[in-house]
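Starting from two chains that each stand alone, build the complex the way the hints lay out.
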Amino acid sequence: MLLDPEIFDRDETLLRFDGDEALMRQIIGCFLLDAPRQVAQLGHILAAEDWAQARRVVHAFRGAAANVGAGAVLIAAFSIEEAAGAGQAAEARRGYAGLVNEVDRYRRLVVNAGLAPGKHAAGKGDGT
Amino acid sequence: MKTLIVEDDFTSRKMLQGFLAPFGECDVAVDGAEAVQAFRAAHEEGRPYDLICLDLMMPRMNGHSTLAAIREFEGQRGIHGSDGARVVVTTCLKDSRNVLAAFQGQCDAYLVKPIHRRDLTATLSNLSLIAGDAAPAASAG
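Quick note, the sequences are listed as chains U and A, same order.
Here my numbering is used: position 72 in the first sequence is 72, and no number is missing along the way.
Here my numbering is used: position 141 in the second sequence is 141, and no number is missing along the way.
Just chain A, with the same shape it has in the complex (with noise of 0.2 Å):
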């Protein structure tokens, strides 16, 4: 699984990386429009993401806005529905406004922060991204 993790806050940005690591090749941006410059890039190359986890309020250009971005590009190339890029927004935006804005601009699944480990393995084999066993073992502390 190749993952595009779109994230403004470090923290935040790690945290995904450490969920998300053991299931394949993690990326990250801190905007959207870096998102999108990656995300046309990886295209480009032959090898597109799988899943984007896309945070909301950003610097640039926000989550709505890169979300648009991503689905009018594959529309473009004639990729729709599930053989798109799987999004899923991760955000502490829980108003019902941004959750109906997100679903309308096509997001897979909506996640709010601070997200759980659990929720977001689930959600990943939901979308059958992952088997539903291949959960990552805890490393000792």
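One chain only, chain U, in its complex shape (with noise of 0.2 Å):
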């Protein structure tokens, strides 16, 4: 199937690994297990509206997603970053609405495309 390198970019994705497709399927697993947890932290973190470890919290994450080649998550993680840093509620609830939502496109297209197993529940958070 055609994947949307704008929501994962598997050709650079495959690069980084060294062509390895196991490893970079098995790492793609790990961040889908591991997001929900993350997304839904995230999202008391801002509900606090405590910057410092939101700013710490995202960053981690958009390590994580750089990882996998998630580009259009880091792109929303980079957001709530920039307005975590600079104290910017309601922008860091629009990013973090938009931050569910590309996770949810993310894990979709992955498992569609047969990249993971379909069993990771969506990147859903409860906090802002």
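Any given hint could turn out to be false.
Output of the computed footprint for chain A on chain U, the stretches with three or more beta carbons under 8 Å from beta carbons of chain A [to be verified]:
(1) 15-24
(2) 30-38
(3) 57-66
Worth flagging that the hints you see were computed from the coordinates, not collected in a lab.
Heads up, the beta-carbon is just placed ideally off N, CA and C, and yes, glycines get one too.
This is the structure:
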């Protein structure tokens, strides 16, 4: 199937794994396993307007998203990191809604492409 | 090669483990404080780490403080320069302030995420931790 490279850049990601598709799939699985927890945690932190903690958590999540070629997730996470850095609550909330959506789009795309099992829950948090 | 991966993010930890496992034993620490404990324990066991992959932004103790603690511990034991652990910073932070601080803190290399497996392998080779032709073969998908 065709993959939208803005959601998941398979070619670039596989290149970073030096062609090791088995390892790439394994790490995508790790990301999908951990993402719901991270997204939910971030939601709680943003609701509490703990900007320093929000920056640290979203920064770690950004690294994870970069590892698995989740470009749109990466952009959404970066917008939250910027908003958290500036203490902009409304921007952070908008960014968070976008992040939840992009994590779900990424999950659906890689599952439908057969790159990950479909048992992982969507990246829905409950904070803001 | 004995490696300590210091990284608070699960996915990044697993990826580095995947990249480095073919070269030997890999331990993990989820923050700087845990890393310093592991580093000291490895020395006390007489089996210190050859390589430490160190994230910068972490809870409890960040990467810069961790690096300082590691180099201070080595200095107290008379371990200097290439006799110490090779520290490769692995981070999303690419601003000059962090890069400069890491090298002033005596890191050996600085890799910006997302990490490319080939860049990491080349770095290990440049640091004489592995042979130049030691890249692992990709497994079939």
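Each hint, compared with the structure:
For a cut-off of 8 Å, the count of residues in the segment 15-24 of chain U with a CB near a CB of chain A stands at 10, and the three-residue condition holds. Figure legend: the segment 30-38 of chain U, annotated as covered by chain A; annotation consistent (4 residues with Cβ-Cβ distances under 8 Å, at least 3 required). Counting residues of the segment 57-66 of chain U whose CB falls under 8 Å from any CB of chain A gives 7; the rule of at least 3 is met.
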